[in-house]
Structure formats: structure tokens, C-alpha cells
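S.K.: Got chain C sorted already, so can you dock chain F onto it with the hints?
Listed in order, the protein sequences are those of chains C and F. Residue 63 is where the first sequence starts when you use the numbering used here, and the numbers rise one by one after that. Residue 834 is where the second sequence starts when you use the numbering used here, and the numbers rise one by one after that.
The hints are simulated quantities; they were obtained by calculation from the structure and are not laboratory data. Where is the CB? At the ideal position from N, CA and C, for every residue including glycine. You can trust all of the hints, since none of them are fake.
Stretch by stretch, here's where chain F covers chain C in the computed footprint (C-beta under 8 Å, at least three residues):
1. 508-518
2. 537-547
3. 551-559
As a list, the in silico BS3-like pairs of lysine-lysine whose alpha-carbon atoms are at most 25 Å apart:
4. Lys517(C) x Lys893(F)
5. Lys890(F) x Lys517(C)
6. Lys1042(F) x Lys987(F)
7. Lys538(C) x Lys973(F)
8. Lys517(C) x Lys959(F)
9. Lys477(C) x Lys417(C)
10. Lys538(C) x Lys893(F)
11. Lys370(C) x Lys251(C)
12. Lys1026(F) x Lys959(F)
13. Lys183(C) x Lys69(C)
14. Lys243(C) x Lys407(C)
15. Lys203(C) x Lys213(C)
16. Lys472(C) x Lys431(C)
17. Lys69(C) x Lys213(C)
18. Lys517(C) x Lys973(F)
19. Lys477(C) x Lys370(C)
20. Lys538(C) x Lys475(C)
21. Lys1042(F) x Lys213(C)
22. Lys472(C) x Lys517(C)
23. Lys538(C) x Lys890(F)
What the simulated footprint calls covered on chain F by chain C, stretch by stretch (three residues with Cβ under 8 Å from a Cβ of chain C suffice, anywhere in the stretch; the number is not a length):
24. 887-897
25. 976-985
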Amino acid sequence: MQFDFLKPQRESPVVIILILFKSLYSLGRQFFLPFITIYLLGRKDNENPFFTYFIVIVTVISLMRSLISFFRKKYYVDEDQLIVRSGALSNKTITIPFERIQSINFEQNLIHRFFNVVKLKIDTAGSSQKEAELDGLQFAKAEALRILLLKEKDEALSKINITEEAVNSEIDEATEVEASKTILTLSTKDLIKASLFENHFNSLALIFAGIWYIYINAKEVGVDAEDYVDEIPIMWNVTLYGAILLLTLLITVLISVVRTVISYYNLSFVRLQNGFRIKKGLFNYVTLSAIDHKIQTLGWSDTWLKRKIGIHDIHMKQASIKQVNTKESIIIPGANLSHVGEVIKLLYPQHSIDKINMNQVNTSYLDRKIFFSLLFSFLFSLIAIYFEEGILLLTLIGSMFLLPIYFTKKFRKLKYGYDNEFLRLSGGVFADNHVLMPIYKVQSVEKHQSPYQRKRGIVSLSIHNASGTERIPYIKEEEAHRLMNFFLYKAEIDDRAWI
Amino acid sequence: MEDNDQEIVENGSINPLFDDKIDQKVEGQPIMSEDSLNESLIIQSYNNQVDISSLPKLEKIQFEKLEEDYLYVGFINTVIIGLIALIFVAMVGFFSETIRPYVLFGYLAVILFFAFMMYAEYRSFKNSGYALRDEDLFFKSGWIWTSMIAIPYKRIQHLEVTQGPVSRLFDLANVSVYTAGGSSSDMEIEGIKQDEAESIKAFVLQKNKQVKIENSEDAI
Chain C
63 MQFDFLKPQR ESPVVIILIL FKSLYSLGRQ FFLPFITIYL LGRKDNENPF
113 FTYFIVIVTV ISLMRSLISF FRKKYYVDED QLIVRSGALS NKTITIPFER
163 IQSINFEQNL IHRFFNVVKL KIDTAGSSQK EAELDGLQFA KAEALRILLL
213 KEKDEALSKI NITEEAVNSE IDEATEVEAS KTILTLSTKD LIKASLFENH
263 FNSLALIFAG IWYIYINAKE VGVDAEDYVD EIPIMWNVTL YGAILLLTLL
313 ITVLISVVRT VISYYNLSFV RLQNGFRIKK GLFNYVTLSA IDHKIQTLGW
363 SDTWLKRKIG IHDIHMKQAS IKQVNTKESI IIPGANLSHV GEVIKLLYPQ
413 HSIDKINMNQ VNTSYLDRKI FFSLLFSFLF SLIAIYFEEG ILLLTLIGSM
463 FLLPIYFTKK FRKLKYGYDN EFLRLSGGVF ADNHVLMPIY KVQSVEKHQS
513 PYQRKRGIVS LSIHNASGTE RIPYIKEEEA HRLMNFFLYK AEIDDRAWI
Chain F
834 MEDNDQEIVE NGSINPLFDD KIDQKVEGQP IMSEDSLNES LIIQSYNNQV
884 DISSLPKLEK IQFEKLEEDY LYVGFINTVI IGLIALIFVA MVGFFSETIR
934 PYVLFGYLAV ILFFAFMMYA EYRSFKNSGY ALRDEDLFFK SGWIWTSMIA
984 IPYKRIQHLE VTQGPVSRLF DLANVSVYTA GGSSSDMEIE GIKQDEAESI
1034 KAFVLQKNKQ VKIENSEDAI
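Excised from the complex, chain C in its bound form (with noise of 0.2 Å):
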């Protein structure tokens, strides 16, 4: 199929549909929220219709606003660039030069999936406000904008001369689709396997937040748990807690489960002649690429309970405008190291990461942590004193004995280690976290000092690139010096193309 896309045109008539589902939706969250709090805890003074109405109104305005918008966005393929315009009430353009896209990916929601058409997000790293979405275009004819993209980014690529190696990548990602391997594909038994060993201390500590919430609210309302907690005799007291702490942990894993399984639905991660390509979802259908000299760190991790059945997730980080987007971010859960393997082979087929020599941090970092949390835990202690609180007491405590493990621990693992072409760090304390980086794609390179630090001649070390910054904290100032020179070199001397 033939598509023009000199002519400014519109996205097609879908997009009228998904404005009113969303519409509809956010008009159904703002309603059904309150009709929780209110009806659920009988709290029926705040029945302002006045409210309703503001609320029925912003959604009208903001829903023919939506429509406005629809009728006069238009794009168009001007030479080398995208164009993009938009607004409401004010004229908006945006001019996406080809060489700047970052990478085109592909969402459905389930109301795309029913029409058969995509939302195409284009990204550009480094200037802000230069990102187009592009919703409800005809999967046919999103693929042939994406490859015409990809094609005049090539062309606009070598008018500039950056190197052969990216331009070639490019025209294989969108021509050669076939020459692809599928290094491994994710079942949902798979997936409920490694949400399972997932680390769920930090959801688990979210709920009891959650919880606390809610109860600090039924208070006001005047529904105090207290007064029950009295009537019930002290032995039920301490089952109930327990009842309650169990059925915490269910949910939390629960939620962690069905998270997992919606998110990364028949996950297939696809190896292309010169990139990565995951496809993922249930509801939401997710394509992602990835091309190999964009992808700024390779990482691998795992917990403590997914090393005990050799689960990894491995995490490619590209450059992106929102750091620590972890949509940018391709993360595979559920690997095994042989598949970590793997990767590393297929992304930096002349490397091999046993040979970097790994090093430790200076000691001080440890004396340094354990005297904070020591400190720390001993003021908090006096206040509990003060305040007669025997639990909080306990606590901190018990945390004075546990931090400088944790810490003990943590400094052991703490390494990093550089080669010719690439720095790799790892830590963790329960859990192992590896990154590989090449050098030459570092951006900047930062020291900081602190007045400890300097007495003792050390500082810590921030690197920077474009997808975000790996620390080396607490080593020696003449190393410190060493690498940054290192580094800036490697970034200054290497002309291939790096994002």
C-alpha cells in the first residue's frame, strides 16, 4: 500500500473515539473515587453539588479541547523532517529533523487493538519539547511512516557523515525484519516465576503507608480501630496482627504478579541484524527497539530469592529526555544468565567482561556509613526516650546491631573495574546488580567532595551519559583523577556514534 505523507493530513477518525473513552474514563475516576470515601466510610457532609458540576464542566471543556486539537493537528514530511502541528487555541509546530529521532515505538491499548491502529511515539534525546505522538494510525501505514522515517533518517544520517556503522544499522532495523533471531520468549508461567522471587519489601512497605493512610482517615470520619482493639482479648491481638501482616504479604505479592503478567504479556525479545526488539502486554501492546550503538548501558540483576532459581532481569537503558523513564528503558524479567550472556555477546561482540579487573571503593565509605547510621539511630533513640515510645525504641535499637551489617555488606559488594572500552560496575546488598557501560558514550564526568572527603583525599565520582549517571563513590583522589581523564579521552577521541 502506497501513503502520502507530503501532504499535511490528520490522524485518522479513531482518534475521535479514543478522546471519548478517555474522557469518559478520567470523568468515571473523578466520580467513582469520592463515591468510595464517601459512601463506604458514611461520610455524607460533602455533598456539594456545586462540585459535581465543576467537575462535569472541566471534563466537557477539556473534551472539546481534545476534539479542536484533533481537527487541527496535522502532519507532514517536509524534506528532511517531520512536522507536526497542533494546538487548540495557540498554533503549535513541531520540526523533528530526521537525524535527531531517537527511536519510533508502537503502543495499543485495547481500544487500538479493536480498530487495528497504533499510537507512533517519536523520540528525540537532548532538546526538550521535540517529542511527537502520533495516535490512531493504521498499522500498515504507521510501519510504512516508521521505515520512510528510518530510511530519510539514514539519508540526512550520511548527508552529515557521522559513520557508515549507524546508517547501515538503520536501513537493516527497518527493511531486514526476517533477519531476526528470537533469543528468548516469556511465558506466563515464566513471568508469575520471577514476580514471585520479586523484592517486595518496597510494595509491602507502600500498603502498610497505604494502610496507614486509610486508618489516620477513618479517624477523622470517627470510625477509631482503637475502640475495637480494646474489646478483643490479647492473645487474638497478636494473631490478628499476624492474620494481618500474612494477608499484607498475599496482596503485595499478588498485585506484584498480576503486574508483571499484564505488563510483559507473551514477551518476546528479538534480536534484529543491529538492534533489540521486545514486543509485551496484555492490555497495552508494547513494541520497543532498541539499536545496538543507542543503547547506552547494559545491566543485569537479581534478588536474593531470584539467584536461587538462576532468574535475572536484564535492563537496556537508552538515551531519553525523562531520566529515569523506565518506559525508555527495555528491562527483560525473568532471564538466566545465559541469556545475559548472550546479550553481552550480541552487544559487544569483542568483549569479555571476566578480563576487567574489579576494585573496591575506599574503606572510608564504610566508616563513613556506619557512623551516620550509628549517629543517627542514637538521636532517634534520645527522642524515643523522650517520648516514652518502647517499640520505636526497640527499633532503632535493633537497627544500630543491623545497619552496619547492611552496610558491611553492601561495601563488600561494591566494585568497579574498567577496561579498554568499557566501565562496569556492581553492587547490591541482598541482591546483585551488574552495569556495563562503553566509555565513549560518557557525556560528562563529575567529582564531589566533602569535607570528610578531603581530609582524607578521596572523592566520589559521578558519570554521566545519556541515559543517565552510574556513581563511584569514596576512591582515591589521584584514581578519581586518573579515570575522568581516562574517560574524557575515550569520549573525545571516538568518533562512532553514540546515541
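M.R.: Chain F in isolation, oriented as in the chain C frame:
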């Protein structure tokens, strides 16, 4: 800027290495038609062992001091904020009976705090400096916690010369340097003469043609 010549010589020591690499690439050109070979050639030419001790040393960099006037810009800004804080304390004392007896302490605390801030600014100013080398740009700052950041010109995406209202009185400007990705790797050289800022901008643009594209784009 006089120190720069010295720096260029310093950086010049790596030039033999640099030329070496270019030579290899030129030699390799005829064979480069084949993809795989091309790739491995590039990699090989990049992967020569580097003697780290022979690289240009950042320890030897002579940092350029910031303009003396910038100290006054900082002082004026701090004094303005301090005055606002004092007025706030006075208002609280005026409207609240209970706080009125303690207002004097409030004044004292505000004055002490802002005096300390000015002292910190002075010390930080003394420590701040920037340096331009052949291939990269340095900025250091801080008093209690010090930091130094280096950005290669090649990795700069976008450059901006900005001026605050007080800075304008002293004809001073800041150069903001942006790299790709997040904001953590960005740099701001503060408190240099307006024309010097413009010349730094021109120098970086000349070093990295890509920056120019970015700039003209943003003008649209």
C-alpha cells in the same frame, strides 16, 4: 583566556595518538565496503591500548576565576531575599500578639542566616572557576561540598547565554551547557562577562557543528 594557549599545548600531547587513529581509518577505506570488516576495523582502531599516564592531566588545568563583580551580584540577590525575610518576620510580629516578644530573635536569626549565606557565597566564589581545553570544558564550584564537572564539546547538545536582572546591571552573563538525556549532566558557568560568554559560545559552536543546528532549530 591567556591560559588557554598553554592548555592547547597540553592537549596537543595527545594529538599524535589522535592522528594515528585517523591514518588508520584512511588506510582502511578501500576495504570498508564490506560491512563486517568495516565494523571490526573501526573497533580495532579504537581499541588500542592507552597509556593513561600519558593522557592530558586535568590536575594541571589553570582555572579561570569568575568576575569579581559576580560576588556583588550574589550579595545583592541574597540581601534582597534577606530583606523580604525580615519584612515577613516584621509582619508576623505585627499581627500576632504571642509572637511579638520574640520578634527580635527572629530578626537576629534571619540576619545571622543571611550573613552566613553571604560568607558561604564568598567562599564558594573563591573556589569557583572554569577552564576551556582543546576538547572539553570544566567548571568547579562549592565551598564545604566541592564539585568539578567536565563536558567534552562533542557531547554538548545545546548552549545558552542567560542573564538575570541583577547580572545585567554588572554586564555579566551565565553560559548554560546542555547535554543529551536528563538534566544531571548539565553545566552552568556563572558570572562571566557578557562578551566573554558570547565568545565561549562561539568557541564551542566552532568545536561542535552539531550544536549550531540545535540552536537555529530552537530559534524557530
